[in-house]
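Now for the letters of each chain:
Number of protein chains: 2
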Amino acid sequence: MSSSKQIEPRTLPGFRDFLPETLRVRKKVIQIFSEIFEKYGFEPLETPTLEFQDILLGKYGEEAEKLMYLFKDNGGRDVGLRYDLTVPTARVIAQYPNLPKPFKRYQIQPTWRAEKPQKGRYREFTQCDIDTFGTGSPFADAEIIAIIQECFSKVGFKEFTIRINSRQVLFETMETAGVPEEKYLTAIQSIDKLDKKSTDDVQKELSEKGLPSKTITNIFSSLKSSRPNDNLKAIFAALKQFGIPEDFYKFDPVLSRGLDYYTGAIFETLVTEPKIGSISGGGRYDKLIGQFTGVDLPAVGTTIGLDRTVDVITELNLWPDAPKTTVKALITIFSSVLLEKSFKIYSLCRQNNIPIEIYLDPEAKLDKQLKYADQKGIPFAVIIGPDEAAKNLVTVKNLRLKEQKTIPEAELLDQIRP
Amino acid sequence: MSSSKQIEPRTLPGFRDFLPETLRVRKKVIQIFSEIFEKYGFEPLETPTLEFQDILLGKYGEEAEKLMYLFKDNGGRDVGLRYDLTVPTARVIAQYPNLPKPFKRYQIQPTWRAEKPQKGRYREFTQCDIDTFGTGSPFADAEIIAIIQECFSKVGFKEFTIRINSRQVLFETMETAGVPEEKYLTAIQSIDKLDKKSTDDVQKELSEKGLPSKTITNIFSSLKSSRPNDNLKAIFAALKQFGIPEDFYKFDPVLSRGLDYYTGAIFETLVTEPKIGSISGGGRYDKLIGQFTGVDLPAVGTTIGLDRTVDVITELNLWPDAPKTTVKALITIFSSVLLEKSFKIYSLCRQNNIPIEIYLDPEAKLDKQLKYADQKGIPFAVIIGPDEAAKNLVTVKNLRLKEQKTIPEAELLDQIRP
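As given, the protein sequences belong to chains Y and Z, one line each in that order.
Taken in order, the first sequence gives residues 7 to 424; the numbers are from the numbering used here.
Taken in order, the second sequence gives residues 7 to 424; the numbers are from the numbering used here.
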């Protein structure tokens, strides 16, 4: 017994601990994505958790800024937690002008938004970003979309659609509908909610933003008749070169994406089941880097949401056979007297590069040791009691099949080797 | 040209961008450490970046608390950035009482301390932690030390020493020297600075903390004559069982560690060159979890500093041959007319799982494309001009040897395969 004043152990709303079972899935997804990104020539990059506020503000739009974690640090600086990975990387591109172009980078780090916590929406969540800087070629857009398709296929998703549209197409829609130019972005932010809210609610929101009902009606009819522009057509042609099956993508004139910084093609991915919102979102943003340097630089990329990807894998039970541990066997300790014998076997396994554990408490009963191995999902337990020790034998217990056999020490490695 | 008001691209003092070359080394170290941790049966765990302040405060000592990033979130909650990984995990152990014990976890995440930035000291830095909860066995302490030794050996360190002492031994030293019990921890915090500050400075600090000069003299003479206690002797015996060569560790009566929460053995690692401070630090803290639950639970572990480990690898140039990219070849695009031919070769490589890039802009001159491949460290460039295309040939340029040959398409895979 210890402390006088106990502190209740708890996490902040929208923040999560990742216990081993979940984290194993997350790490595996990160590994799969990273290998794909590297295979396409994307290079790793990481940026700080905290940025000066002026780096973050004025890029995403007013609704986004309300959700930022902003504060003063101990030195009185106005700082904020990363809201996404795109703006910090745009800052990097501006700060290190000698990075060879095109610069293709991937970045997998957490981001923070003080949203209302709900299914699939967390205050701390991890984004997996790929972006290509320094080329406006439609092949760059298409490569990003090809990677999205490969990522989701590789983790086992069968039914998903990459929706593709363009800010240019949306701007033309707005112009046709008679929306004043200064309201294009706020109107697009409302249109973006069409997959979450009803048409009525979105119309109401547009009305509250000061658009006349005639204009709102025009927006909806224009959306229906909009068609891919030349840039989108070039991207679709490039997607064929990359060999992406057409089932996986489509032009979607309603797709808007919420953030202000997009200037060209935009895309996001929806899975058919479960209903979890978009699991990737991105597009072209050719004017963001100019906010730092005064000189625009073409840029295109996407975020893939790690958390929702893991949620889908879990809900659909896509990885039923994921192993709980890489450890192949637990070497038990029969008694303090036989400790050295157990350690001898342990060292032998280790020298042969077999992932192995030895039970750490020589006072513990054998039953407790076996239960520990079983709970951790370790496939074998090795028992060296006095009888075994005397004859250089070991008893190997298969914890899944609940059977055991006693064999010469020399045969143990073959028995438990991966 | 774009924005009217430019924002200077810059990072906060003590915070760093990790560009690809550095990040590759960091990721490789993380991979090596994780594999070792998993091999010993440690399971992955991650905790949130932000915690309620009462979780963080009252654990580390007054000097540490001054360095914390504390603020109010948008909901008015008192929150703080992780200061280390030990306290958040102790919170996890308290919060999920059903985790099977002993619970062995590893955790690799950034932490934040508003220290004065200097060589080897950053405000955002990554800790690699392993901890064992639920056993007071000296084998648990020894296993942690064995893993530290394996980690540093595996990344290529030749000369390093794991210094080992015990808070119990230090407390006895304080008692012998006549330090009042309520001043044990603050005196230990000063002793901890002996490897950075002169003896005179530490004596002065102890004097400022209200200790009489006689007591201070006593502390220094007691430190010289202190010897391992029974627990340390048991840990040293266990280290022999784990097969750790004695060159790599030693009893060091001056080692103190700064944080309040340690209760038993403490250990840290110093490399001989460069002079960079400790690269691992840890120990036993059997009373921390009791601060949350009211019931103590034995715990022991260590932090390995990722940043300093990478600094040592870089300064000593331990990994001179680390590849810059996994991409084996750049498929160039000779002209828009020959685009399909290049994409055909690209798809062929991809189907055979060869990491490959295609240059994204068909308008770019060949020289520019070759320069791109060279700058990225891609070993080969593949050129398919009109002559090659007509005869189903490809020209393969070895960018390191600056030589090229023209071969049948069918032989390309063997030429560039890893």
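Among the hints, erroneous ones may be present.
You can't tell identical chains apart in this list, so a pair holds if it fits in one copy or across any two.
Simulated pairs of lysine-lysine, PhoX-like, Cα-Cα distance not exceeding 25 Å [what the hints assert, rightly or not]:
1. LYS34 - LYS334
2. LYS11 - LYS189
3. LYS330 - LYS45
4. LYS374 - LYS330
5. LYS72 - LYS34
6. LYS210 - LYS382
7. LYS122 - LYS350
8. LYS199 - LYS350
9. LYS189 - LYS330
10. LYS411 - LYS239
11. LYS72 - LYS408
12. LYS330 - LYS33
13. LYS34 - LYS160
14. LYS293 - LYS210
15. LYS203 - LYS377
16. LYS408 - LYS371
17. LYS350 - LYS293
18. LYS382 - LYS411
19. LYS45 - LYS33
20. LYS281 - LYS78
21. LYS160 - LYS246
22. LYS246 - LYS293
23. LYS203 - LYS215
24. LYS408 - LYS45
25. LYS160 - LYS33
Just so you know, the hints here were simulated from the structure itself, not pulled from any lab data.
This one's a predicted model, so the numbers in the text were calculated from it and none came from an experiment.
Inset, instruction - First find the shortest C-alpha distance between LYS189 and LYS330 inside one copy, then the shortest across copies, and answer within, between, both or neither for a cut-off of 25 Å. - result: For LYS189 and LYS330, neither the intra-copy (52 Å) nor the inter-copy (46 Å) Cα distance is at most 25 Å.
Inset, instruction - Please work out whether the CA atoms of LYS72 and LYS408 approach to 25 Å or closer within one copy, between two copies, in both situations, or in neither? - result: Intra 57 Å, inter 55 Å, cutoff 25 Å: neither.
Inset, instruction - First find the shortest C-alpha distance between LYS45 and LYS33 inside one copy, then the shortest across copies, and answer within, between, both or neither for a cut-off of 25 Å. - result: both (18 Å within a copy, 16 Å between copies)
Inset, instruction - Go through the copies and call it for LYS374 and LYS330: within, between, both or neither, with a Cα cutoff of 25 Å. - result: This pair counts as within: shortest intra-copy Cα distance 19 Å, inter-copy 48 Å.
Legend entry - Status of LYS334 relative to LYS34 across identical chains (alpha carbons, at most 25 Å): both (19 Å within a copy, 24 Å between copies)
Inset, instruction - First find the shortest C-alpha distance between LYS382 and LYS411 inside one copy, then the shortest across copies, and answer within, between, both or neither for a cut-off of 25 Å. - result: within (21 Å within a copy, 55 Å between copies)
Legend entry - Homo-oligomer pair classification [LYS239, LYS411; C-alpha up to 25 Å]: For LYS411 and LYS239, the Cα distance exceeds 25 Å both inside one copy (66 Å) and across copies (37 Å).
Legend entry - Homo-oligomer pair classification [LYS33, LYS330; C-alpha up to 25 Å]: Result: close both inside a copy and across copies, 13 Å intra and 23 Å inter.
Inset, instruction - Up to 25 Å between alpha-carbons, please classify LYS72 paired with LYS34: within, between, both or neither. - result: neither (33 Å within a copy, 38 Å between copies)
Legend entry - Within, between, both or neither: LYS199, LYS350 at alpha-carbon 25 Å: Result: close neither inside a copy nor across copies, 64 Å intra and 40 Å inter.
Legend entry - LYS122 and LYS350: within-copy, between-copy, both or neither at 25 Å Cα: Answer is neither: 55 Å inside a copy and 48 Å across each miss the 25 Å cutoff.
Legend entry - LYS246 and LYS293: within-copy, between-copy, both or neither at 25 Å Cα: Answer is neither; intra-copy 28 Å and inter-copy 62 Å both fail.
Checked against the numbered hints listed earlier, the structure breaks hints 5, 6, 7, 8, 9, 10, 11, 14, 15, 17, 20 and 22; every other hint is satisfied.
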